[in-house]
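Residue numbers (UniProt numbering), protein chains in the order written: chain S, 1 to 321; chain Z, 1 to 405.
By construction, these hints were calculated from the structure, which means they are not laboratory data.
Where hints are given, some of them may not hold.
Computed cross-link-like contacts, EDC-like style, restricted to lysine to aspartate or glutamate with a CA-CA straight-line distance of at most 16 Å [claimed, not checked]:
| id | chain 1 | residue 1 | chain 2 | residue 2 |
| --- | --- | --- | --- | --- |
| 1 | Z | K383 | S | D216 |
| 2 | S | K169 | Z | D120 |
| 3 | S | K226 | S | D216 |
| 4 | Z | K212 | Z | D363 |
| 5 | Z | K165 | Z | D120 |
| 6 | Z | K353 | Z | D55 |
As the structure is a computational prediction, the values presented were derived from the model and not from experiment.
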Amino acid sequence: MASPVLAERPAVEPRPGRRRRPGIGRSDQLIGWLLITPALVYFVVFLLYPAVAALYYSFTDWNLRTAPNWVGFANYTELLFNDVEFPHFWKSVQVTLQYTLIAVPLTLVSALAQALLINAIRRGSNTFRLLLFLPVVTAEAAVGAIWRWLYDPQYGLINAALGLVGIPKQNWLNTPELVIPALAFIAAWQCGISMIIYLAGLKGIPESIREAAIIDGAGPVQRFWKVVVPMLRPTTFYLVVTGTIAALQVFGLVYVIFSGGGGRSVTGGPEQSGLAYVLHIYLYAFRYDAMGAACAMSFMLLVLIMIVTALQFKFLKQEAS
Amino acid sequence: MIRRVTGIAAVAALLAGLTACGGSEEAAGSTTLTYWMFQDRTPQAGEVVEKIRTDFEKANPGVTVKIVKIPKDDYNTKLGSAVAAGTVPDVGILDQPLVARYALDKTIVEMPAGTVNEADFFEGALNTNRVDGKLYGLPVDHTAVALFYNKKLVPTPPKTWDELKQMSDAIHKADPKVAGIVVPKGDGYGAWMWPGVVHGAGGEMVDEANKKILFDQQPAVDALQLWVDLLPSSPREITDSDLAFANGLAGMMISGPWDVATIKDQFPELDFNVAPLPYKTTPAGNIGGENAVVFAKGTNAALAWKWLAFLTNSDNNTQLAQALGGFPINKAAAERDAATFGEQQQGFLEQLKVAHARPALPDWIKINDEFIAPAIEAALSGKVTSQQALTEAANKTRALLGWNS
């Protein structure tokens, strides 16, 4: 969600009185434009044009081969109300919201816990930071394969571990009720970026505040809830907003986890319980040749993300206290 | 001044880099035929294709065949963009379910009468190119799914549904940790295999000519019920384990020839073979594989059909199909060269003879994924009966297609 509107303003305003020969100013300007041309071309060709084109195609019926037909708002209304053309649209919305509600808090908790642990150790923190960050840089296909094995109903390590405390074997990725928690758990395991940001936040808490709290007689638990959590609020806010945006667009993980079994079709797990919204877009765009409807779904997601983000800005506390 | 020069130089270099990314179109010779196909699976496969290409050029002086190989996963996307941009090849591979879509929007052309003798081809394979009764392409190499069985657990493969159920029960009773058969799932892949079972009960999925949905009729209900009935002796918690059949956790599974090589490679000690699918009334199965079509915007259509006839004639088809990882669709080639296929491959060869093409409806993939797969899943999970699940799926399909019966 790169926002071109937020492009930085020049740090130094040109001062009129000190401008030297105006001819050079113009050619400097020209060079400036030329220098940003590659970035500008990239932005226009690969971001702006496709986005505008997608908005146009969302009002058409288009199979990618023949000329698109203008259909007005039909794609939007059919997506919302026609359960014959789009039998699993609302299911994909439900799955994605459920996933977001579980994955975002779980990721934050796991990231903060990891950051606190790393912050607490004195030796080898770099090594642990690297180890905890590895899941982020691991290829999605490998992550999918590893977790399919970990969740295996017969040989999986997860079941083996749960067996030690007497919890019976579960068929994680094939039981509709367990699919979303299982996927969210993988997301929490991949929390390395949030962990690094939390770690930076922790390092930014002044030592004097901690010392003052100790002098006032606050124990470790009180210090965590009364000092660390409030001081990290801007970090948490940032992570909640970006994490929610990412979770609403989850795709790669679901695609890899449920694409096993020989066929190239991915229908989103048992009883569509893992049918993420973006996977649903993908199916309509590239499997059912309904690019117009897929574009409409993309724009509905954009609007949803904007609303959710606006609500978060309005109702979540952003300032440290 | 120096700063300005370096600035301009930098910009020039960047722009040069950008333009270098664009490709240059090769000038087409008067008789160059462009053929798109999937990337070779092995270097040997590339040699086979190359030999057939030079043979064709020798037989047709002045003709050059330009073969473009594209990774299978990117193929449909590339082809779709080429169609949209009007830069299609003359002739190329097309995924089976796309033939109907491309034919109906006239992206590909009908095969002229007399191009081949239709009786030379396996009927099911040829029919995957038939839309509204007309042929729009030729099968190049095809494959079917068949029954893999573990010889230690299954002494003789079951031929009928009753034998299949008995065998599955016997395996699971003898060792409760082993499942009888890996029952396919209610996903797109399972829904792709299921029509083979429906045909095995003498049923059809649809009647395209009369616009009738038939997969809620008795044969289809029986076919789905068969899978439901197999579940007690084939519990999911066993068969959902990774590679359950290869690990010896299941006595049987339904899969395609791609798994033969994988199992032989990774589980050399597993003693297994492949037999045609058990049936209720009629031996039958499904079919998948590569078709080739001639594009409306290409040039040299006559030469393109000649090339396709050459690829599929009895001299070349076995070699080519083996190189591509499938089976010949030319009856004479399949008959003559049967012995050149390995022990496990014989089951697939048998299966292909009785395989049925999937319905030639442009929306079939969507019907398969969005209606049939969830119906199979609903029945297998025990939430509704097979009849209820299929009635609902059939009614939704009728509503989607605007068919009345």
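Do the hints match the structure? See the list:
1. For a cut-off of 16 Å, the pair hint linking Z/K383 to S/D216 is broken: about 61 Å separates their Cα positions.
2. For a cut-off of 16 Å, the pair hint linking S/K169 to Z/D120 is broken: about 54 Å separates their Cα positions.
3. Only pairs whose Cα atoms come within 16 Å are accepted, and S/K226 paired with S/D216 is accepted, the gap being roughly 12 Å.
4. Taken as a hint, the Z/K212 and Z/D363 pair is honoured in the structure, with Cα atoms around 15 Å apart against an allowance of 16 Å.
5. Note on Z/K165 and Z/D120: the hinted pairing is violated, with a Cα-Cα distance of about 37 Å set against a maximum of 16 Å.
6. The straight-line distance between the Cα atoms of Z/K353 and Z/D55 is roughly 29 Å, outside the 16 Å bound, and the hint therefore fails.
In this structure, the hints that do not hold are numbers 1, 2, 5 and 6, in rising order.
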